[in-house]
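*Asks:* All chains, please: the whole structure from these sequences, using the hints.
In short: position in the sequence shown from 1, add 306, done, that's this note's numbering.
I should point out that these hints are in silico values taken from the structure, not numbers from a laboratory. Even for Gly, the Cβ is constructed at its ideal location relative to N, Cα and C. Watch out, some of these pointers could steer you wrong.
Claimed, not checked - Below, in silico cross-link-like pairs of lysine to aspartate or glutamate (EDC-like), each with a Cα-Cα straight-line distance of 16 Å or less:
#, residue 1, residue 2
1, Lys605, Glu367
2, Lys348, Asp380
3, Lys517, Asp529
4, Lys348, Glu417
5, Lys544, Glu400
6, Lys605, Glu400
7, Lys605, Glu417
8, Lys605, Asp398
9, Lys498, Glu521
10, Lys331, Asp398
11, Lys377, Glu417
12, Lys619, Glu586
13, Lys331, Glu456
14, Lys605, Asp393
15, Lys471, Glu488
16, Lys327, Asp376
17, Lys331, Asp393
18, Lys348, Asp376
Unchecked claim - Across the chosen pairs, the derived CB separations fall in these ranges:
#, residue 1, residue 2, range
19, Asn453, Lys510, 29 to 37 Å
20, Leu461, Arg349, 45 to 53 Å
21, Lys544, Ser626, 33 to 41 Å
22, Phe334, Gln549, 51 to 59 Å
23, Arg593, Pro409, 21 to 29 Å
24, Lys506, Arg349, 16 to 24 Å
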Amino acid sequence: MHSLLCRFAVGCYEPSGAKFKTHVKTQFLSPEITYTVNLVFKRKMSNEQYIGLSYKLEGEEDRSYLFVLDKREDGWLTAELYQFTSDQTTIDLEIKFYTKWCPNLLIESMEFRPLEKVEHQVLTDDKDDMQLISDTKIAYWEQKLPNDYEEIIKLCVNDVEWKTKKELYYILCEGFLINSGEEWFSLAKDGKKCLMVQAKAVLKENEWEWKSEPETRFGQVADCISKKFGISCELGSKMLSPQTTYAAYLVYNRLPHAYTSINPPLTNTVQVVDKVLGSEAYNIFLRTPQTPVIGPNLKIKRTYNPSVRPRIKGLPKLRSDGWMEVQVHEFQTPATMRLRFSSYDMSSLAGITVQGLEFRPI
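*Replies:* Here it is, written out as structure tokens:
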């Protein structure tokens, strides 16, 4: 099928039926370099993020499953299938694809790209070099504080003591419990307000079991007992900075019991209260997608490397407190949000443990 947008004169291939096969040779790759094997394609009549494509190498028994797409600047989609380290021999790859759950594909090519090395990153609290600025520069530290900081301090569960505005600024950056221990307030390094709300304030009680965990910020966490769960929260501009774009992060640490190596995403349906469209949906992952590794002699190792996709939202990250977080929404203050999470394969989400919902400026 010819396409003017395709890079190749022969155009692209449109599979018919529920499966197709590709056959490629790695003749011109640099030796001792780790590459990713990528399918380049488009989807007819669909802009959905979820793909649900399964595939396997010729002779391989088990299928791998693909759920994450990258969109290139030219509009084509890429999907990372495998990783392998090249040597000086020519590798012959035959890959079977099963398209029952993702029909209407237009295949452009198979692409081999050197793996981008990204160091594993743990989210840390905001730190900067302002410790070097003198305590006597009162005006500098005052402008770093929110205008209503005195009112915020009155909401603190414990007494807050400070001698200088610099010291107060760092106390606010560290954060503390407010509103009878139901919320955690802190400042970003630019002075914007951050807020974490305990699980019990945003989750539906009949979908969760509540248990004590004294080492957490709120002393209590929620274990999901349902196939789906929802979040409902109304945010004014008092505890968040006004007219500011925020991201909402689900803070959790255990995966659902039903999770396997297939690792499908959750669909997050967001009810947009102030928009005519009513709702929008996108995918999030509770576990980082993994890519199978091709070993010597075209054998698939039963090991996986994390996919490197720093530009995709909805991927989890490890926090400095040992919990995980994943971005579930983006909004402008003030806002009212209603989120609903469910699994594409309809497996139960029972077993996930949630500490709360955190809001940070973008």
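*Asks:* Now tell me, hint by hint, if it's right for this structure.
*Replies:* Quick rundown of the hints versus the structure:
Distance hint between Lys605 and Glu367 is fulfilled; the C-alpha atoms sit about 11 Å from each other, no more than 16 Å. Of the supplied pair hints, the one linking Lys348 and Asp380 holds, its CA atoms being roughly 11 Å apart against a limit of 16 Å. Of the supplied pair hints, the one linking Lys517 and Asp529 holds, its CA atoms being roughly 8 Å apart against a limit of 16 Å. Between Lys348 and Glu417 the CA atoms are separated by roughly 14 Å; this keeps the pair inside 16 Å, and the hint holds.
Between Lys544 and Glu400, the direct Cα distance comes to roughly 59 Å. Violation of the 16 Å bound is thereby established for this hinted pair. A hinted pair counts as satisfied when its Cα atoms are at most 16 Å apart, and Lys605 with Glu400 qualifies at roughly 12 Å. Proximity of Lys605 to Glu417 is assessed by CA-CA distance (about 20 Å); at most 16 Å being required, the pair is judged violated. Restraint check: the Cα-Cα separation between Lys605 and Asp398 comes to about 12 Å, which is no more than 16 Å; the hinted pair holds.
A threshold of 16 Å between alpha carbons decides the hint, and for Lys498 with Glu521 the separation of about 27 Å lies outside it, so the pair is violated. Between Lys331 and Asp398, the direct Cα distance comes to roughly 5 Å. Compliance with the 16 Å bound is thereby established for this hinted pair. Between the alpha carbons of Lys377 and Glu417 the distance comes to roughly 14 Å, so the proposed pair stays at or under 16 Å and holds. Simply put, Lys619 and Glu586 have alpha-carbon atoms about 15 Å apart, close enough for the 16 Å limit, and the pair holds.
At most 16 Å may separate the alpha-carbon atoms for a hinted pair to count; Lys331 and Glu456 exceed this at roughly 67 Å. Of the pairs offered as hints, the one joining Lys605 and Asp393 holds, with about 15 Å between alpha carbons and a cut-off of 16 Å not exceeded. The hinted pair formed by Lys471 and Glu488 fails the criterion: a straight-line CA distance of about 26 Å is larger than 16 Å. Simply put, Lys327 and Asp376 have alpha-carbon atoms about 21 Å apart, too far for the 16 Å limit, and the pair is violated.
This hinted pair checks out: Lys331 and Asp393 have alpha carbons roughly 13 Å apart, not beyond 16 Å. Straight-line distance between C-alpha atoms of Lys348 and Asp376 comes to about 11 Å, which keeps the hinted pair within the 16 Å bound. Taking the beta carbon of each, Asn453 and Lys510 are about 35 Å apart, inside 29 to 37 Å as hinted. Taking the beta carbon of each, Leu461 and Arg349 are about 49 Å apart, inside 45 to 53 Å as hinted.
Distance hint for Lys544 and Ser626: a CB-CB separation of about 27 Å, inconsistent with the stated range 33 to 41 Å. Our hint of 51 to 59 Å for Phe334 and Gln549 holds, since their Cβ atoms are close to 53 Å apart. Distance hint check: the CB atoms of Arg593 and Pro409 are about 27 Å apart, consistent with the given range 21 to 29 Å. Distance hint for Lys506 and Arg349: a CB-CB separation of about 41 Å, inconsistent with the stated range 16 to 24 Å.
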